[in-house]
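Chemist: Residue strings, one per chain:
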Amino acid sequence: MEVKQANLKDGATPRPTFSIFRDLLFLLPFVIFVVAFLILPTISIFISAFQDPSGKFTLQNIKDLFTPYIMNAYLLSIKVSLFTAVFGALIGFMLAYASTFGNLPSWVKSYLNTFSGVASNFAGVPLAFAFISTLGRVGLLTALIQQIFHVSIYDLGFNLYSFWGLCLTYLYFQIPLMVLLMTPALEGMKKEWREGAENLGATPSQYWLKIGLPILFPTIIANTVLLFGNAFGAYATAYALTGGFLNLVPIIIGAEIRGDILHNVGLGYALALGMIVIMGITILSYNYLQSKTARWLK
Amino acid sequence: MKKAFTTKFIVVLLLVVFLGSVVFTGCAKKTTTEQTGTGNAYLDQLIKAAQKEGELTVIALPHDWANYGEIISTFSTKYGIKVNELDPNAGSGDEIEAIKANKGSTGPQAPDVIDVGLAWGPTAKEQGLIQPYKVQTWDTIPNDVKDPDGYWYGDYYGVLAFEVNSSVIKNIPQDWSDLLKPEYKGKVALGGDPRTSAMAAMAVAAAAIANGGSFDNVMPGLEFFAKLNKAGNFVPVIAKPGTIASGETPIAMMWDYLALTDRDNFNGNPEISVVIPKSSVVAGVYVQAISAYAPHPNAAKLWMEFLYSDEGQLLYLKGYVHPIRYNDLAKRNVIPEDLAKKLPPAELYAKAIFPTIDQITKAKKDIADNWDKVVNVNVK
Amino acid sequence: MKKSRFWAWFWIFLGALYFLLPLFSTFLFSLKMKKGVLSFAAYQSVLKDPQFFKTFTFSLEMSVLTIIVGLAIIVPTAFWVRLRLKGLRPIVEFITQMPFVVPPIVLVFGLIRLYSKPPVQLTRTPLLLVMGYVVLSLPYIYRSVDNGLMAMDVERLTEAAESLGAGWTTILFKVILPNLKSALISGTFLTFAIVIGELTMASMLAWPAFGPYMALLGQNRAYEPAALAIMSFALTWAAMGVIQWVGRTSFVKQEQVGGIH
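Chains as they are written, first to last, in our numbering: chain A, 7 to 304; chain B, 747 to 1126; chain C, 697 to 957.
Since the hints were made in silico from the structure, they are not lab data.
Treat the hints loosely; a few may be bogus.
[Said to hold, decoys possible] Within a straight-line C-alpha distance of at most 30 Å, the following computed BS3-like cross-link-like pairs (lysine-lysine) qualify:
(1) Lys870(C) <-> Lys115(A)
(2) Lys69(A) <-> Lys1087(B)
(3) Lys877(C) <-> Lys931(B)
(4) Lys813(C) <-> Lys846(B)
(5) Lys750(C) <-> Lys824(B)
(6) Lys824(B) <-> Lys798(B)
(7) Lys931(B) <-> Lys750(C)
(8) Lys916(B) <-> Lys69(A)
(9) Lys1087(B) <-> Lys870(C)
(10) Lys728(C) <-> Lys916(B)
(11) Lys813(C) <-> Lys794(B)
(12) Lys85(A) <-> Lys1119(B)
(13) Lys115(A) <-> Lys728(C)
(14) Lys1077(B) <-> Lys1088(B)
(15) Lys731(C) <-> Lys824(B)
(16) Lys1087(B) <-> Lys1108(B)
(17) Lys973(B) <-> Lys85(A)
(18) Lys69(A) <-> Lys931(B)
(19) Lys877(C) <-> Lys916(B)
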C-alpha cells in the first residue's frame, strides 16, 4: 500500500491527489479489522437480544429494559461514570499539568507517566482488595485514624461499600488514564506561545484562560468522554467491592449472562445494547457540542 | 487395453481404500459413541482412544475448589493427557455459553466437560448441549442426583457453613439466630451475590429453613437478611479468602469445603472455625456432564471414569467435598482413616437436606426476584 | 516560579498518597502469611512456580504484537480522519469506544463462534488472541493518537511537507510519527497494561497467559493474590520504564529535526 502511494507521488502528479481511493486505502485496514473482530462478533452474539429462549424473534427483551429497576441501573451507572470521569479528568489534568509545567525534576514526570500506565489498568479484585485493606472497617488508614483521633471513620458515616466508596476506588484508574492522555497534549503546548504572551504582558492566568485552555479544551473534553466510557463498562471492580449490591448495568449484565441464577441471556445482551446506544448518544452529542464551541472559540 | 486395465485397477484400488476407510472410521466411531463393554477391557480401549486424542478441555475448575488442582494433575500424569483449563472464574452460565459458542469447533478452547450446579443439568439436556454417558460405577450413584438416561450425574456435594476467622471473632456464632447479635456488627458477609451465585442463594434458603421457611417458601430467609442488614451486621462485600483473613469479613457463609480448604491454606494464620449451623444443614450438589460438541469425547469419558472411580472420589474427599459415591465408599470401608478424621462429624451430614431440582429452581427465582425489594441493601 | 513549584509538589504529593497507600496496604498484607512475623513467604510460594515467568513472558510477547498491530491499524486511520474525513470523526470515535460497553465475555464468545471452525479457523494461532487484544485496547490507542494529532496541527504540517514534495510515506513516517512520539508512548503503556493482566479473552481461548495464571493461582487463597498483585504491578512498572527508556532515547529522536515546528 505504502509503495503504491509512493509511486503515485513519483509519477505524473506533483502533489498527491485526494481521491476516494486514497481515503479507502487509509481507512481500509481499520474498517476490515473493526468489521471482522468487533462488529461481526458482537452482532453474532447480540442477535440473542431479539430472541426468546426457543430462538424465535421477540422484542420482549428490549421492552424489559424500560422497567424502573433497569432504568435506575442505567441512571446509577451514568452517575458513577459521570462523577468519576469529571473528577478523574480534573485531578488527572492537575497532576499532568504539575508534572509538565511545575518546574519539577524530570524524574517526577517519567515516574508519574510509567506509574499511570500500570495504575490505569489496575482493576478488579486486586484493586478492590487494595482499597478494602486501606479504607475497609479494619483497613490500614481506618485503623491509623482511629489511633490518632480516637474515632472510627465508619462512625462518622464513611462507608467504602457505597456509591462514594466505589467512586473513590474508580478514581484509582481514572486519574492515571487522564494523566497519560493529557501529558502529550500539554507537552505539545508550544513554549513560544507562552513566551510570546508573556512578552506582551499577559499574566500566566491570562495566558491560560485566553490561549491555553481554548487550545486544550477539545482534548480535555474528548478525554473526559473516554473516561466516562471507561467507567461505564467496568464490571469486576464494582462486583468485588460492593458484591453486586450496587445495581450497575454491567453487574446486571453479568448476572444475566454469566450467573448461576438469573440467566436471561437475551435480556443481558439487550442491556449491553442499551449501553452501546448511550455511548453513541454521548459521543455524538459531545462531537456536536465540540463543533459548536470550536466555531465559538475561533 | 493396457490403459483400460490400469484405469480399472486404479478405480478398484480407490474403492478399496474408500471402503476400508469407511470401515475403519466406522470402527473408530464405534469406540467413541457406543458404550458397550464393561470392565478392564473396555477401560483399556477407552484409555487408548483418549490418549490418541491427547487432550482434554475443562472449564471453571479452580485449583483450590474440591481439590481440582490435584485431580487435574493426577489425571494428566496418569494417562499422559494434556488438560487445557479454561477460565477458572467462570460460573455455570459461562460454561453453558461456552458450549454454545463452540458448537462444531475444535481446538483447545472448546470445553469437553462441564461442572455445573444441579439445576443446570436438566436445562443443558433440554437444549441439547450435553451427551449421555454412564460410567462403570453408575449404579452406585444415588438415583435422585443423576439423569436416568445418563446425560448428567452428580459429582460431589457440600453443605452450607459459617467460615469464621476465630483470631478476630472470639465468641463463635453457632447458628443463624446468633448472627443478629450486636457484637457481630459489620462482620457478616456472603460469598457472592444471591442473584448470581448459587452458594449465596443457598445461604438465603438455609436462613429461610432456620427461620420457619422452606425451599418452597424462602421469604423468611430474605427477611432474615433484611434484619441482618438493618442491624448493620451485614457487609455488602463479596467475602474472599483475603477479606476473611484480613478480618474485613470475619464471618462468611461458604460451602463447608471452601471453608475447610481455607483453614488448611491459612495454616493457623488466622485460625478458622467452620461451623455448620444446626437448624439448617443444606446441601448443594454439583453435576458433571460431557459437552454434546466435545472435540475429545474419549478423553471426556475417561475423565468421567477417573472422577467416579474410587481414586477420583477419594481425591474429591481430600478437598473436603463429599463425593457422590460417599455412602458406597463408606460401606466398603475404603475411606482412609486419617482422611475421615479431618472431616466434620458425619452426624451433621446425615441431617443434610437435599432440595429437588424443582425446589432449587423455584427458590432461586424467588430469591433473585425479591432480594432487592425485601433486603434492600441500600448502598448509597 | 516558587509558588507554582509549591503547588506542583502539593498536587504530586497528594496524588502519591492516594496512589501509594492502597498499594502499601496490599503489600503489608502480603507479608503476613506467617503468623506474627512479616515475611516474604507468599512471594516464595508464588515464585516457586516456573509458570510465573513463563506466562509473564507469553503475555509480554502478546503485548508487543498487540502494540504493533494496533498502531499499524490506528495511526493511518486517525491521521486521515483528522486530515480529510472530519465528518467521519464521530463515527470512528464511537466505534473505537464500543469495546468499553461490549462485555469481553460477549466479544470472546463472538470471536469463537466466527473463527473457531472452517472456513476461518484462527483459534490455534495466537492471531485471534492478538486481534481480541487490539479490540480491547482500541479506545486507548485511538484516543492517545488522536490527542497527539490534535496537538500538532496536522493540516499545516502535512501541507508544508507536501509543498516540499514529500510523499505520503515520508509524511507519515518522517513528519507525523516523530511528532506523535509521546502520544504513542502513552498508547503503548495503556495497551501493554491491558494485555499483561487480561483474563477473560486469554482464558476462554485457552492460552497460557499471565492473567489466567494469576486467576488460577490466586483464586482461593488469601496472601498469594496480594503478593501477585504487588509483583505484577512492579514487573509491569519495570517494563514500562524500559518502554519509556527505549522510546525516549533511540526511537525517532534524530528524525524529529525533520519535523516542522
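Chemist: Now look at each hint and say whether the structure bears it out.
Modeler: Here is what the structure says about each hint:
no.	hint	verdict
1	Lys870(C) <-> Lys115(A)	holds (26 Å)
2	Lys69(A) <-> Lys1087(B)	violated (56 Å)
3	Lys877(C) <-> Lys931(B)	violated (54 Å)
4	Lys813(C) <-> Lys846(B)	holds (13 Å)
5	Lys750(C) <-> Lys824(B)	holds (24 Å)
6	Lys824(B) <-> Lys798(B)	holds (15 Å)
7	Lys931(B) <-> Lys750(C)	violated (45 Å)
8	Lys916(B) <-> Lys69(A)	violated (52 Å)
9	Lys1087(B) <-> Lys870(C)	violated (74 Å)
10	Lys728(C) <-> Lys916(B)	holds (20 Å)
11	Lys813(C) <-> Lys794(B)	holds (26 Å)
12	Lys85(A) <-> Lys1119(B)	holds (22 Å)
13	Lys115(A) <-> Lys728(C)	violated (33 Å)
14	Lys1077(B) <-> Lys1088(B)	holds (18 Å)
15	Lys731(C) <-> Lys824(B)	violated (37 Å)
16	Lys1087(B) <-> Lys1108(B)	violated (37 Å)
17	Lys973(B) <-> Lys85(A)	holds (29 Å)
18	Lys69(A) <-> Lys931(B)	violated (41 Å)
19	Lys877(C) <-> Lys916(B)	violated (59 Å)
Checked against the numbered hints above, the structure violates hints 2, 3, 7, 8, 9, 13, 15, 16, 18, 19; every other hint is satisfied.
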